[in-house]
Amino acid sequence: MRVLLVEDEPDLADALARALADEHFAVDVSRDGSDALFRALEVPYDAIVLDVMLPGRDGWQVLQAIRARGRRTPVLLLTARDAVADRVRGLDLGADDYVTKPFAVPELAARLRALGRRAAGHASPEITIGGVRVDLSGRRVFQNGTEVELTAREFAILALLAGAHGQVVSRSAIFDHLYNDESESFSNTIDVHVASLRRKLGPGLIHTRRGLGYLIDA
Amino acid sequence: MRESLRARLLLWYGGIITLVVALFAGVACYLGWRAEIADLDRTLRSRAVALAGALAPAGAGTFDLALPMRDEHAAVLPDHILWTSRGELIDRSSPGPDVQPPSVEGARTRGDVREYALRTQSGAWVVTILPLADARSEVWALAATVGGAGLAAIALAVAGGWWWVGRALAPVARISSTARAMSEGDFAARVPVDRVETELGQLARALNDAFDRLHASLERQRRFAADASHELRTPLTTISTEVQWALGRERPAAEYRGSLEICGRGIERMRAVVERLLTLARLDDGTQGGRTVPVRLDHLVAGVVADLRPLAVSRDIAIHVEAEPVDVAGDPDQLAEALTNVIVNGIQYNQPGGRVSIAVQRVGATARLVVEDTGLGIEADHLARVFEPFFRADQARSRDRGGAGLGLAVSRAVIVRHGGTIDCASTAGQGTTVTVALPC
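Here the protein sequences line up with chains L and B, keeping their order.
Under the numbering used here, the first residue of the first sequence carries the number 3, and numbering increases by one thereafter.
Under the numbering used here, the first residue of the second sequence carries the number 64, and numbering increases by one thereafter.
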């Protein structure tokens, strides 16, 4: 999952970005509201973690602007105030969830995964497709009851394709969801990971649509 | 409360009216009774006189009614009793127990009858009698009329009073329901004031003013608590995130070192915020006022400036001091902190190559200290708020420089405790001037 982290406090932004990367998120960091809005409109993030107190354009304004442009990217608000009015305001402005500082990183990660799942149209943390069961929260994959060992990238690609409801997913879309701004990979590395997945899960699961991308039949 | 007030008002009011009506009715009935009796007495007297005139001597020393007349007029003769001058009963219109002749002339009441005693010139006694029943029933009828009218008047007055008092006290219900809403947490509740000229209208206005002040003060407290919590939670979150990350798995020593450095910075920020909050709380409390000793303001400024030189040098800011000897009374540590905060702002919100000028002079009975910088200035609409706790004219800028927006709040609290004033004037882009005046 690719996540935009909007936090003006440099130490916190740095710590949180590393912690989320450890939880297998591809994280971009934005330190002010205007930059955050620009990125949110340019990049198809799976979720946005938005601190409310920002210099310049504050979190509320960023959220409002994102929703005003019709973007449905899930937004999780980070707030240091636990006033009910603040939370209600955030949710009413179109936020999907909120977390009050300080928080436990695993909880934040779990909430982000849940937001990503719901945005993709699954309520359950498990997707079963063509004899393969993908456990999204445990990050494990089973084929006919046997666990299959996957790398983080392979898992991310499999989860993305399995969650696409039998739709074709383009290479660039896969790339956008897997890598953050600082990655130096190219989209042909996707082909390498897909080839590896086919080796592990059998050739019949992932289909290639030439010139369009990949899909898993529902 | 209101109902009982209304009931008590009405009870008093109704009681007094009832008393007045009863008194009036009593007097009316008494006068009526007196008139009836006077009427009776007049009748009795004229009858007695007529009877006495009709008496004829019936023998030596005796009198009797002329028998023919008696027989003729038996039906029209009034009730009477006649005695001779010797006290012998001559005649009585109706039988009854033995009675003695009266001793004095005049009217008197005997049981259910009124009688009138008249002594003729010959010494005989004539007593005429009339029953009191008619007079009594007349007076009862009068009492019934007056009492009925009185009761109607009382009922009307009490009902009208009940309605009027209820109307007059209706605002009390509004006031109490508003006060209740307020005490239940609806701080925006206000008493609707429609008729201000009444006493209750004035009360409502006074209450609304009190509610306004209470609301504003609660709002300030709430904002202060929210700001304080924000200033503490942000570094706390950094520390907790960093620790969770570091403990997530084995890492190289350099990464642990980086983590600890971040945690150290977070702790330092929290410590600075907590320390200033405590200073503010102590100053607001007023009980721990600190010392009061003579302080040479010019020496104090020189000391503060010496401490801040390295910071000024690192930012390429020149500090210029022009101080004449001035004595003030106060706590040198607190005053030094107040001055430090002001001068640090002048250094930090300045441009490289800029200047901070400090002037100390005595103007009458006032020590004036002016700190002028060539810095970034403050927008006019922010100027009024610079002394508020946690206020930052530009959050990003000041957070980079480690401030939590408490410095000037502490300075103001110190100066106010010392009986002085602190003011700020600024032109955006040109610089800021902070003027402190202390009594000396």
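Don't read these hints as lab results, they were simulated from the structure.
The beta carbon of each residue, even a glycine, is placed where N, CA and C say it ideally should be.
A hint or two may mislead.
[What the hints assert, rightly or not] Not everything, but these chain B residues come out facing chain L in the computed CB check (under 8 Å): (1) 307; (2) 308; (3) 311; (4) 325; (5) 328; (6) 498.
[Said to hold, decoys possible] Pair ranges (Cβ atoms, derived): (7) L:214 with B:379: 57 to 63 Å; (8) L:96 with B:502: 51 to 57 Å; (9) L:70 with B:377: 52 to 58 Å; (10) B:379 with L:12: 21 to 27 Å; (11) L:40 with B:424: 49 to 55 Å.
Hints violated by the structure (numbers, ascending)
Violated: hints 6, 9.
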